[in-house]
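Take these sequences, add in the hints, and give me the full structure.
Top to bottom, those sequences are chains A and B. For what it's worth, our numbering labels the leading residue of the first sequence as 1, then goes sequentially. For what it's worth, our numbering labels the leading residue of the second sequence as 1, then goes sequentially.
Hints were generated in silico from the structure; no laboratory data involved. There could be a bad hint or two in this list.
One copy or any two copies: either way a pair holds, since identical chains are not told apart in the list.
[What the hints assert, rightly or not] Pairs of lysine to aspartate or glutamate, EDC-like flavour, derived with a Cα cap of 16 Å:
| # | residue 1 | residue 2 |
| --- | --- | --- |
| 1 | 214 | 57 |
| 2 | 16 | 61 |
| 3 | 214 | 63 |
| 4 | 154 | 13 |
| 5 | 16 | 135 |
| 6 | 162 | 105 |
| 7 | 214 | 61 |
| 8 | 214 | 79 |
| 9 | 154 | 168 |
| 10 | 162 | 194 |
Number of protein chains: 2
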Amino acid sequence: MTQDIRHFAEELDELKQRLLLMGGLAEERVRAATAAIVARDQDAVEAVIAGDEPLNELHKEIDARSFRLLALHQPMAVDLRAILAAVKINSDLERVGDLAVNIAEAGRRYLKHPPVKPLIDIPRMAGVAQGMLRDALDAYVRGDVPLAQAVLAKDDTLDALKDQVFRDLLTFMVRDQSTVEPSLDLILISRHLERVGDHATNVAEDVVFMVSAKDVRHTANS
Amino acid sequence: MTQDIRHFAEELDELKQRLLLMGGLAEERVRAATAAIVARDQDAVEAVIAGDEPLNELHKEIDARSFRLLALHQPMAVDLRAILAAVKINSDLERVGDLAVNIAEAGRRYLKHPPVKPLIDIPRMAGVAQGMLRDALDAYVRGDVPLAQAVLAKDDTLDALKDQVFRDLLTFMVRDQSTVEPSLDLILISRHLERVGDHATNVAEDVVFMVSAKDVRHTANS
Numbered sequence: 001m002t003q004d005i006r007h008f009a010e011e012l013d014e015l016k017q018r019l020l021l022m023g024g025l026a027e028e029r030v031r032a033a034t035a036a037i038v039a040r041d042q043d044a045v046e047a048v049i050a051g052d053e054p055l056n057e058l059h060k061e062i063d064a065r066s067f068r069l070l071a072l073h074q075p076m077a078v079d080l081r082a083i084l085a086a087v088k089i090n091s092d093l094e095r096v097g098d099l100a101v102n103i104a105e106a107g108r109r110y111l112k113h114p115p116v117k118p119l120i121d122i123p124r125m126a127g128v129a130q131g132m133l134r135d136a137l138d139a140y141v142r143g144d145v146p147l148a149q150a151v152l153a154k155d156d157t158l159d160a161l162k163d164q165v166f167r168d169l170l171t172f173m174v175r176d177q178s179t180v181e182p183s184l185d186l187i188l189i190s191r192h193l194e195r196v197g198d199h200a201t202n203v204a205e206d207v208v209f210m211v212s213a214k215d216v217r218h219t220a221n222s
Numbered sequence: 001m002t003q004d005i006r007h008f009a010e011e012l013d014e015l016k017q018r019l020l021l022m023g024g025l026a027e028e029r030v031r032a033a034t035a036a037i038v039a040r041d042q043d044a045v046e047a048v049i050a051g052d053e054p055l056n057e058l059h060k061e062i063d064a065r066s067f068r069l070l071a072l073h074q075p076m077a078v079d080l081r082a083i084l085a086a087v088k089i090n091s092d093l094e095r096v097g098d099l100a101v102n103i104a105e106a107g108r109r110y111l112k113h114p115p116v117k118p119l120i121d122i123p124r125m126a127g128v129a130q131g132m133l134r135d136a137l138d139a140y141v142r143g144d145v146p147l148a149q150a151v152l153a154k155d156d157t158l159d160a161l162k163d164q165v166f167r168d169l170l171t172f173m174v175r176d177q178s179t180v181e182p183s184l185d186l187i188l189i190s191r192h193l194e195r196v197g198d199h200a201t202n203v204a205e206d207v208v209f210m211v212s213a214k215d216v217r218h219t220a221n222s
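In structure tokens, the structure reads:
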């Protein structure tokens, strides 16, 4: 192993570790936003809205690292695919951070009204989405295709929960006008959580491509 | 100019032309989805829902082209940034195509009810979002930073329109329960259109990075 190759391997490993860190942060922000709404904790909601900076910094750093690796080492095959995957995953994680802000912003409005209904489905959706994100990133770091495929399979669960939330809240809204505004925000929150799952799905698809050079997007299950 | 460099320049130019084609298709699908809803044309709504395949094929093709260019030519500096930008823009355009489907799906539900209100703001939002997308792609192909910056400035217009739509429809929903379901779908449509603008913004940011190697994301205006 030459010095250069060892150096490249170390830098690629560092890149993956930074992505893992970013994924952990993004996941934590989704969890915090949802928990704040369930606990009706306005300060915690505001903390999520104000706290996007560390993720944004990581986003820039990881893009710069990816660019440097491509420019200096001109990697081939699986290494090239791993870096391109990192560039895409980085964008997905940054959007997850934005979605945590969107969730908290809808939560801020929601907390101005009395509770519409017990929020059971919302933390459940958040839990599924967070789990998908965590598994997708583990799959990236380990190059684990079966784990990535398990993530793809979970997207339907999240869609079904979102549709359930929509139907439930529609019933409330049609029956009682005072619930229209807060119900609307819960519907938006459930859609933001579904999009967190979509980003996890994107990450999982990138993992399959990275490992197998096979493009699984736009097939029957995606 | 060596054979290889000329070959690379041609391939990069071809990649950009394919992205332009994809951008045109994505924009057209957003236009078609919105026009179908305004015209209350159910067949046209269904055609948008069923018509995602050409964009998905282009998405895969452009990713494969980008990968091949990186692997075979190991480009540096602005060329490397142009290809990385292509990879990201490709993802953004594919999502715009998905959003056209989301708009049409909400439209399908919306058309089951009598009209809630004249849809003036919805085609206006679509027009702004389409214009942003078109300008962002022109800016990419021409490397035109001022044009990209003009796109970034327009995002606020779209946000303001979205908030206006939200407030208007909320009034309808609270006053008259029969408008709850269709109003909800119009709100979702306006959010999908806002996200089309977000993707155009992403493209514009990539253009600034490509040309100037300057990361303008997460600054005060973004």
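Evaluation of the provided hints:
Only between protomers do residue 214 and residue 57 lie at most 16 Å apart by alpha-carbon distance; the minimum there is 14 Å, versus 32 Å within a single protomer. In this assembly of identical chains, the alpha carbons of residue 16 and residue 61 lie at most 16 Å apart only when taken from the same copy (12 Å versus 26 Å across copies). Taking the shortest Cα distances, residue 214 and residue 63 sit within 16 Å of each other only across copies (12 Å), while inside one copy they are farther apart (24 Å). Proximity of residue 154 to residue 13 under the C-alpha cut-off of 16 Å is found in neither arrangement, the shortest distances being 28 Å within a copy and 39 Å between copies.
Taking the shortest Cα distances, residue 16 and residue 135 sit within 16 Å of each other inside one copy (14 Å), while across copies they are farther apart (34 Å). Taking the shortest Cα distances, residue 162 and residue 105 sit within 16 Å of each other only across copies (15 Å), while inside one copy they are farther apart (19 Å). With identical chains, the CA atoms of residue 214 and residue 61 are at most 16 Å apart between copies only, with a shortest distance of 13 Å across copies and 28 Å within one. Proximity of residue 214 to residue 79 under the C-alpha cut-off of 16 Å is restricted to the intra-copy arrangement: shortest distance 15 Å within a copy versus 25 Å between copies.
Taking the shortest alpha-carbon separations for residue 154 and residue 168, neither the intra-copy value of 22 Å nor the inter-copy value of 37 Å comes in at or below 16 Å. Taking identical chains as interchangeable, the C-alpha atoms of residue 162 and residue 194 lie at most 16 Å apart only when both belong to the same chain, with a minimum of 7 Å there against 21 Å between chains.
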